[in-house]
Amino acid sequence: MAHEHKLEIFRGLLKFKSNTQKIWGVLIFLSIVTTVEVALGIVKPRALTHSHLLGMKLLNWIFIILTLVKAYYIAWDFMHLRDEKTSLRRVIVWTPVFLICYLIFILLFEADYIHNVYRDGFITWNF
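Count along the sequence shown from 1, then add 936; that gives the number in my numbering.
Incorrect hints may have been included.
Stated by the list, open to error - Quick list of in silico lysine-lysine cross-link-like pairs, DSS-like style, CA-CA up to 25 Å:
1) Lys953 to Lys1006
2) Lys1006 to Lys980
3) Lys1006 to Lys958
Simulated from the structure, these hints should not be mistaken for laboratory data.
Please construct the entire structure, taking both the sequences and the accompanying hints into account.
Spelled out as structure tokens, the structure:
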């Protein structure tokens, strides 16, 4: 029992005529996002490296967000999550998003604590 694949991306904003065109469209989108990440990593704009948000440089937040966008889109298109029931999609997508946010929260607060211990405590920076 074969069914037709949905040949649109970005919630129907772009529609393709064949699966081959859709694969190329997704490849181009993922390539653009990766190119932006690499360009930002090479250039490292001063405005993004010297401004902080929640204890981390803005550039790092952009990297995290773009990586999550790519991971979500790969799962959405290539793992065919868009064809699944809403509850299954939410379980698969929101659980890792919650866990990644929790991990980032823990890492930021622990790193800030360790930085403060080395800055104000009796332990010195000897590495």
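Right, here's what the structure says about each hint:
1. Lys953 to Lys1006: Distance ~23 Å between Lys953 and Lys1006 Cα, so the pair holds.
2. Lys1006 to Lys980: holds (20 Å)
3. Lys1006 to Lys958: holds (16 Å)
Checked against the numbered hints given earlier, the structure satisfies every one of them.
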